[in-house]
Each structure stands twice: as C-alpha cells, then as structure tokens.
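Model the full structure from these sequences, guided by the hints.
Here is what each chain is made of, one letter per residue.
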Amino acid sequence: MTALKKQYLIADCVWLILGVAVCVESWSLKIGTFNNPGPGFLPFWAGLLLAFFSLISLIKTAAAEKVRGETSVWAGVNVSKLALIILALLLYVALLNTLGFYLCTLLLLIFLFRAAEPYPWRTVLLASVLSLAAVYVVFVLLMDVRLPSGTLVSWP
Amino acid sequence: MDVLTQLALGFQVALLPMNLFYCFLGCLIGTMVGVLPGLGPTAAMSLLLPATFHVPPVSAIIMLAGIYYGAMYGGSTTSILVNIPGEAASVMTCLDGYRLARAGRAGAALGISAFGSFIAGTFGILGLTLVAPPMVEFALRFGPPEYFSLMCLGMVVLTFLSSSSMIRALMMACFGLIVGSIGQDTVSGTTRFTFGIMELMDGVGLVPVVMGLFGISEILLNLETKIDREVFRTKVKGLLPTLEDWIRCKWSIVRGTVIGFFLGILPGGGAVLSSFVAYAVEKKFSARPEEFGTGVIEGVAAPESANNAAAQSAFIPLLTMGLPSNVVMAMLLGALIIHGVTPGPLLVSQHPEVFWGVVASMYLGNVMLLALNLPLIGMWVQFLRVPYPIMMPLIILFCLIGSYTIANSVMDIIFMLIFGLIGYFMKKFKYEAPPFILAFVLGPLLEYSLKQSLLMSRGSFSIFLTRPISAVCIGIALVLLLIPLVPLIGRKRPGATLESED
Chain C
439 MTALKKQYLI ADCVWLILGV AVCVESWSLK IGTFNNPGPG FLPFWAGLLL AFFSLISLIK
499 TAAAEKVRGE TSVWAGVNVS KLALIILALL LYVALLNTLG FYLCTLLLLI FLFRAAEPYP
559 WRTVLLASVL SLAAVYVVFV LLMDVRLPSG TLVSWP
Chain F
226 MDVLTQLALG FQVALLPMNL FYCFLGCLIG TMVGVLPGLG PTAAMSLLLP ATFHVPPVSA
286 IIMLAGIYYG AMYGGSTTSI LVNIPGEAAS VMTCLDGYRL ARAGRAGAAL GISAFGSFIA
346 GTFGILGLTL VAPPMVEFAL RFGPPEYFSL MCLGMVVLTF LSSSSMIRAL MMACFGLIVG
406 SIGQDTVSGT TRFTFGIMEL MDGVGLVPVV MGLFGISEIL LNLETKIDRE VFRTKVKGLL
466 PTLEDWIRCK WSIVRGTVIG FFLGILPGGG AVLSSFVAYA VEKKFSARPE EFGTGVIEGV
526 AAPESANNAA AQSAFIPLLT MGLPSNVVMA MLLGALIIHG VTPGPLLVSQ HPEVFWGVVA
586 SMYLGNVMLL ALNLPLIGMW VQFLRVPYPI MMPLIILFCL IGSYTIANSV MDIIFMLIFG
646 LIGYFMKKFK YEAPPFILAF VLGPLLEYSL KQSLLMSRGS FSIFLTRPIS AVCIGIALVL
706 LLIPLVPLIG RKRPGATLES ED
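These protein sequence lines are chains C and F, in that order.
Start counting at 1 in the first sequence, then tack on 438, and there's your number in the working numbering.
Start counting at 1 in the second sequence, then tack on 225, and there's your number in the working numbering.
Hints in this document: simulated from the structure, not taken from any laboratory.
Any given hint might turn out to be false.
Straight-line alpha carbon distances no greater than 25 Å define the calculated SDA-like cross-link-like pairs of lysine to any residue that follow [said to hold, decoys possible]:
| id | chain 1 | residue 1 | chain 2 | residue 2 |
| --- | --- | --- | --- | --- |
| 1 | F | K676 | C | K444 |
| 2 | F | K655 | C | L520 |
| 3 | F | K652 | C | S518 |
| 4 | F | K655 | C | K468 |
| 5 | C | K444 | C | L456 |
| 6 | F | K676 | F | T411 |
| 7 | C | K498 | C | Q445 |
| 8 | C | K468 | C | I455 |
Below, the structure is given as structure tokens:
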C-alpha cells in the first residue's frame, strides 16, 4: 500500500471518529423524536451521516487499486518550514495578551519575513517596522480600532 | 410598484458619496484580488468583512458585491498575461487567452475580455432588475417546508458539482452542519458542543471560519514550496480588439451572457460552472472547434461574459429569497445577518433602499470596472512583481488583525488559526470547502425551517412531500444523490473536470 493511500485512509478515519463522537455527544443533548426534534436532532443525524459517508469513502479508498496523485501528500513539501510557521502563529496567540499587540506582532513579522525567504536582517527589520507603522496609522488612527495591550508590556 | 421608480430610488442611494466610495473600493479591491493568484474573492471578502461592521448595511453589501464581480474582471488579466488564473472562474480564459498573448495579441484578448465582461455584467443586472420583483412574488409562496427542501437541494447540488468525489463533498456538508450547530440552539436555548468555552455560546463566527478556511489555509499551502512567477516582459500594445474580433465575438458574448445568467441563479451554480459551460458550448457552436485552445478570441469572450453575468445573477436568489446559490452568496448572507438585515421576500418591501441601492450600484460598478481595467492593465501587472515572501506576512498580519477586531477577542484569532489548519488539511486531502461553508451558514436556518414545518404539520414529515414546490425540490435532490450510483451517467458529472470555487 502506498503512503498516499495510507494517508487518505487515515484522513477518512479521522472523519469517521469525529462523526461517531458527534453522534454520542448529541445523544446526551436529547435527540427527541422525528415529530418533535430536540436540540440534539440535527447534530446527531449530521454526525451519523458523516460517519456513514466516511465509512463508504474508507471502503472505496481501501478497495481502489491506485490512488491518484503523488507518492505522498507531503511530497515536495518543506514540512519543517511549515511546522515552524504554524508553531510561530500558535506562540503568537499564546503570548498576545502578555506581550501586547505591538511587541508580539513585531516579533512575528520579523520571524515571518525571515522564514519566508532569507532576506538580510536589515531588510527584515525595516519591513516589519514599516508594516507595523502602517497598521498603526490605518487601524488605530483612521479606523479607531482597539488592539490588545499586554499585561507585561504596554503601549498607547 | 413601477420598476423605474424603484430603480430611481436605488440610484439615489447608490450615488451618495459614501456608497460611491465603497463601490469604487470594492471594485478596486476586487480587481486586485482577481489579478493576484492565490487570493480569491471569497478570501478577500472574508478579510474585509470586519471592516464593514462600522458602516451601514447598504454600503457594506455594495462593497462586498463590488469585490465579487470585480474579481471576475481582474481574474482574466493574469490568465491572459501569465497563464495563471486569478481565480477559478478565469481558468477557461487561460486556454485561449494566454495563446493569444503569446501571439502578440494580448491587447485584443484583454480588451475583448473587459468589454465582454461589461456587456454581460450590464445585461446581468438588467436581468436582475426585471426578474427580481416577480421572483419576490413567487418567493412569497415559500413557506418553511419549501425553504427547508430548497436548502437541502442547494446543498445537494453543490456537492453534485464538486470536483472531487461526491461522498467527500457530502462529508463536508455534514461537517458544516455540525460546526454550524455549535453554540446556543435558537429554539430550545440549550448550548451545544461548547465544552464550557464562553466565547462559543454564540457559535463559531463566520468571519474567523472563512478567514481561516480560505485565507490562512491558502497561505499555508503556498508556503509549501517556492513560487516562481514569470511576468510577461513584452509591452501590452493595441488595447482595442479589431472590428473583425468584434464580429466574431458578438454571438459568443450573447451566448456567454445567457448561459452565465441562468447558471448563476441556480443553487450550486455560479461563475465557475458558467465559464466552463460557456466555453464548451462555444466550442460546439464554432465553425472551427479544433482551433480552440490555440488562441481563438471567442474562447476568451464566452467564458468571460459568462462569469460576469453569473456573478450578477447569483444575487437574485440571495436578495429575493434569502437563499445563497453559492459560497460567496452564503458569505454575503452571513454578513447581512450580522448587519441585522435579513434578506428574503421581505427585504424588498422592508428595506427597498438596500435592495435597489445594491442593484443600482452594480450598474455603476460595472462602469467603474471597465474604466479601471482597460487603462490600468499595466499597473495591475506590476502587482504580480511583488514577491510572495513579502506579501505573505502582510496577508497574515491582515488576517490576525481582522479576526481580532470582530469582538476584541483573542479567541477569534485562535478559531481562525484552527480553521486555517483544518482548511489546509482539507485542501491537501481534497475535501472541498464550499459544501462546508454553505452547510455552515444554512445549518441554523435549516433547523429553524424544520422545526417550523413540523409545527405547521403537527409533527408529520409528509408536509415536505405534500406541498408541490417542496416535493419537487426533494425529488430533484434525491435524483442527484442517486445519479453517481449509476455508473454510466455518474461519470458525466460536470464536476469531474471542474476546479473548486475559490
């Protein structure tokens, strides 16, 4: 079995499990009857159908001789770069309320500009500061938007 | 009431300086977004949705609508010049448009595309103006059972037209219904799937979901590899198509417009489908079908007219019945609801200035777009020169701010990122987003209609089959669901060669 086929099977499994989980959770929400649906009615049937369809998809994929596409979903993908960026975004969200918008975003921008392509540090810093300045002008001054201020580091 | 009087009222609204500004902004952004590959009108609308919260609903819709049909104009520019479709509805334009550009006739291709789009767009709006009021009359005969069945039909049609397997699309529709049910149930007040998170009480917001699903996921996808974009070095000369071009294309434009107009109204239709069908039809009608793909100007005129006509007519079901016929309309529906305006048959009577204002602004928008697209082609191409590694952080920044400002909540950013990841994996494994979005937006409405219908029928499910309109919708839906099971016909599903909506 090719790696691709295995990956598609895993994907279908994930949906199957999700569908079943939703069904179980909706059960406790009171499904009601067909004549008088309860709050769990729609999610229960949606979950059941999801599980049903993913099972069919699972069977179809397993029975297929060849799955169309590259050898793997990750073929040609720079997985480490992608993972780093996702991690950076998650870190950003975690630290946003502590460090405040400006500091946090500045760090993120520097990282992103550098990660996307290895520009020289001077360019990266300049681009980050300029972007942040533009954001300040457009969003804070012109549109009067409130951006999160941190508990540790504060800014106007 | 007289259509002309209504339209005059509409123009009064549309010509207000603020609305003119928003119309222009929408068209400008739409064209830019159409030109830039990797950012479709759906993503652009989702990014700009938060910006519309502080303006009146009319202005918001005018701008968002402008983005949508503006993107149809812009998408053709990159298709012709660089063989990269700016968005899905411009894919067909690549085929002959790029060949024409290679042969030194980029000007004619771009010109015919712009003019064809203008003519089709104008006729589309004309159609909208004439068809909408009678449709409202028809829509008033729709009760909860009809709405329920029609919504089901819409979802089934969208899954039927998906480019990957129908089973997968149906899975996404179910997923959409599930996510749509998160939060407080409107009827019983019970909270569903919130797991104690307070911000989920109102459900997951439309904006973080679409920003993540379309914007963030696209960025993640683009980050996988380096993108090289070769911009056409030759100068674009001779913007106007020759008289011969016009003579050859006049019927192509007409056919494209008609096809686009009618396919745009159908649930699940839209600009993408229209452009594909128009190209195929044009090929059939042509005296030299074998030349299609080598640089035939009709091959540019037809799909371009179709996608613009469809972009206009897609508004008809949304504004007259409150039913979105494709993903973009579903987003507009969500946006309208956020603004407190519920589209539907009552929109025209309760908020005539919204309905007619939007219609009037479309006329103006089309004129603006013609003016924007022809002279500024050179400028648009410059946009392509901006390296993606510079654009990417800016787009992410935009998304982060946009999602935060909805409710000044960091949770919204988290939701956006979560859906960004989900969207990314969905794209990798070929699960399509449009059925999800449609189901997500329609889910609560579907449930409400179901409850109302059962109330009307005192608990009997037969109401969906005894009322004629409802029965027809259910019937068609069942047929579409069963077609793929019949192997011979199943393979002819149009989606097999379609790309998914942006």
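- request: Would you mind confirming whether the straight-line C-alpha gap from K468(C) to I455(C) stays at or under 25 Å?
  value: The hint holds at about 21 Å.
message: Need the status of pair K676(F), K444(C): alpha-carbon distance at most 25 Å?
response: violated (42 Å)
- prompt: Keeping to a limit of 25 Å between CA atoms, is the pair of K655(F) and K468(C) held or broken?
  reply: violated (34 Å)
message: Next pair to validate is K498(C) with Q445(C); report whether the Cα-Cα distance is within 25 Å.
response: holds (14 Å)
- prompt: Is it true that the CA of K676(F) sits at most 25 Å from the CA of T411(F)?
  reply: OK: K676(F) and T411(F) at ~11 Å, within 25 Å.
- prompt: Has the given pair, K444(C) with L456(C), been kept, meaning a C-alpha gap of at most 25 Å?
  reply: Distance of about 18 Å is within 25 Å: holds.
Pair hint K655(F) and L520(C), alpha-carbon separation not exceeding 25 Å: holds (19 Å)
query: Taking 25 Å as the top limit, are the C-alpha atoms of K652(F) and S518(C) close enough?
result: Holds, because 19 Å separates the two Cα atoms, which is no more than 25 Å.
Of the numbered hints stated above, those contradicted by the structure are hints 1 and 4, listed in ascending order.
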